[in-house]
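Start from the sequences, fold in the hints, and give me the full structure.
2 protein chains.
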Amino acid sequence: MSEMVHRIQDIICDELKKIDGVNYREDNWERDEGGGGRSRVFSNGKVFEKAGVNVSVVHGTLSKQAAENMGGGHELQGSDLDFFATGISLVLHPHNPMAPTVHANYRYFERGKGKKNGSWWFGGGADLTPSYLFEEDAIHFHSTLKDVCDRHEVANYDSYKKWCDDYFFIKHRDERRGVGGIFFDDLNGGSKEECYSFVADAASCFLDSYLPILDKRKDMDFSEENKEWQQIRRGRYVEFNLVYDRGTTFGLTTNGRIESILMSLPLTSRWEYCHEVPSGSREDNLLRVLREPVNWLELE
Amino acid sequence: MSEMVHRIQDIICDELKKIDGVNYREDNWERDEGGGGRSRVFSNGKVFEKAGVNVSVVHGTLSKQAAENMGGGHELQGSDLDFFATGISLVLHPHNPMAPTVHANYRYFERGKGKKNGSWWFGGGADLTPSYLFEEDAIHFHSTLKDVCDRHEVANYDSYKKWCDDYFFIKHRDERRGVGGIFFDDLNGGSKEECYSFVADAASCFLDSYLPILDKRKDMDFSEENKEWQQIRRGRYVEFNLVYDRGTTFGLTTNGRIESILMSLPLTSRWEYCHEVPSGSREDNLLRVLREPVNWLELE
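Chains as they are written, first to last, in numbering that gives the first Met the number 0: chain L, 0 to 299; chain D, 0 to 299.
Worth double-checking, as some hints may not be accurate.
One copy or any two copies: either way a pair holds, since identical chains are not told apart in the list.
Below, a list of computed lysine-lysine pairs in the DSBU-like style, where the Cα atoms sit at most 35 Å apart [stated by the list, open to error]:
| # | residue 1 | residue 2 |
| --- | --- | --- |
| 1 | K170 | K63 |
| 2 | K112 | K191 |
| 3 | K112 | K63 |
| 4 | K17 | K170 |
| 5 | K63 | K191 |
| 6 | K16 | K145 |
| 7 | K45 | K16 |
| 8 | K145 | K114 |
Hint data in this document are derived by calculation from the structure and do not stem from the laboratory.
Dropping the structure here:
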């Protein structure tokens with residue numbers, strides 16, 4: 000898994016480098032308690048306002064509290080508080096308001112030696128956050144993810160799609176962060192090999208799920224008003240990540256590498272008091288699908 | 000208290016209207032569970048990017064959970080889960096990066112009929128958040144607040160100053176939000192009249208504590224780099240409010256009026272990956288005092 004996430008990071012970053020016309024900044028960091036990571040961030044390139052791709056391989060001993068907070072049905076494995084975790088996490092924020100932000104994350108977690116039932120699991124997913132809705136983009140993104148799930152018995156697109164809609168929910172706004180994708184956690188059905196094979200396949204498909212969308216949208220015309228709406232949507236992205244996202248809040252409270260955790264935040268964002276959109280506008284069309292999730296693949 | 004906070008809201012908003020050259024938008028809102036509020040927000044005026052002054056008077060019945068979470072040594076008063084709360088809360092974000100953001104909040108809370116010991120208390124404070132440090136501004140702000148505290152036996156500037164530094168702490172950045180001020184909660188020493196008299200005096204002094212500073216800074220020259228640094232500091236303001244501020248997180252999780260709660264967020268903000276400031280620069284000077292709080296009144 001650790002070898003795979005580094006390889007995928009290389010492949011994705013090489014591609015982004017070509018598209019963005021700038022190189023990434025790389026930071027190799029170590030964690031006092033064991034392990035470390037490799038963060039790569041693109042800033043103010045041709046296409047992306049900010050884009051980060053991070054991998055990490057960490058190990059150590061969990062506090063009893065942290066082990067309990069982990070949840071997900073992983074009861075304390077006796078005194079096995081040792082853990083190992085590795086994963087890839089990326090967030091790409093394009094300049095053009097017609098081009099959606101995208102996030103993906105694939106991770107493996109192990110308690111003790113990872114031999115006992117329930118002492119290892121995979122998690123992850125990918126989700127798309129447009130400021131302007133293009134149904135064909137949502138359909139393409141979801142159908143790539145469904146195809147991956149369908150290739151693996153351990154995965155289930157329908158339930159991962161719903162999990163994603165439920166997870167990326169900004170409760171105080173009664174709206175989702177974006178048009179969804181897949182989200183899964185505690186994956187340990189079947190053998191470890193089967194689970195890994197699904198996760199590796201999903202990670203490999205990231206560029207296929209996103210680049211065709213980016214390619215269509217990155218050079219589209221847009222107005223000042225479109226840009227302002229994008230900035231307001233970025234504000235909502237910040238609200239979700241700082242208030243609800245478990246990875247972010249866990250990282251902030253456990254002394255993680257702050258810059259790698261907050262690399263997911265957009266470069267700029269905006270909060271307007273009581274911002275309203277005209278009924279039937281393109282902005283309103285987006286809000287409708289954020290309030291009532293759509294089964295994109297039934298629209299095909 | 001409720002009458003006082005409405006009067007102070009009027010006085011402050013009248014003054015801001017003159018300074019800002021625009022009128023506020025007023026929203027009167029009701030709370031399903033009882034009571035309501037009056038929010039006034041200035042947007043894109045001459046001086047303020049965004050400025051909100053909110054009062055509320057709410058009552059109802061607390062859930063047992065909410066009553067317990069209240070903390071502060073207020074043990075459950077038998078079955079007295081009825082509550083009454085009123086207060087004023089304001090945040091002013093000027094355009095000019097040399098002019099500091101300011102926040103103030105004064106509130107009264109009562110459980111049951113507010114007759115028993117510990118069943119009523121006051122809270123509040125005021126704090127200043129500059130992007131560029133002018134020591135004389137911090138000194139003026141603190142000395143106005145110290146003068147208020149000194150006029151009232153129930154208040155103690157030194158401990159409220161420290162409480163403020165401790166409260167407005169962005170733990171994951173190891174820095175404070177700004178140069179402090181005062182913060183207090185659970186104030187119920189002395190009589191209710193004495194406590195009220197202090198809180199009313201503090202609220203009345205708000206304009207004296209801030210306007211002379213604003214007046215000196217609002218028309219100063221600044222560069223693009225100054226504006227960008229202000230935007231980065233605003234990002235930290237957002238981090239504090241969404242991750243740590245009890246009022247905000249309480250409001251978001253208890254179905255408060257979202258627009259009134261998030262009116263404290265700046266209009267725009269910025270997150271740059273691994274942003275660094277040159278040692279000895281003006282930006283660095285600010286960071287130093289955010290990391291190591293200063294006793295401003297010893298500098299006089």
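Hints versus structure:
1. K170 x K63: For K170 and K63, both the intra-copy (29 Å) and inter-copy (22 Å) Cα distances are at most 35 Å.
2. K112 x K191: within (13 Å within a copy, 61 Å between copies)
3. K112 x K63: Within one copy only: 17 Å inside, 42 Å across.
4. K17 x K170: neither (38 Å within a copy, 38 Å between copies)
5. K63 x K191: Cα proximity of K63 and K191: one copy only (26 Å, versus 45 Å across).
6. K16 x K145: within (28 Å within a copy, 56 Å between copies)
7. K45 x K16: within (10 Å within a copy, 42 Å between copies)
8. K145 x K114: Classified as within; 30 Å inside a copy, 62 Å across copies.
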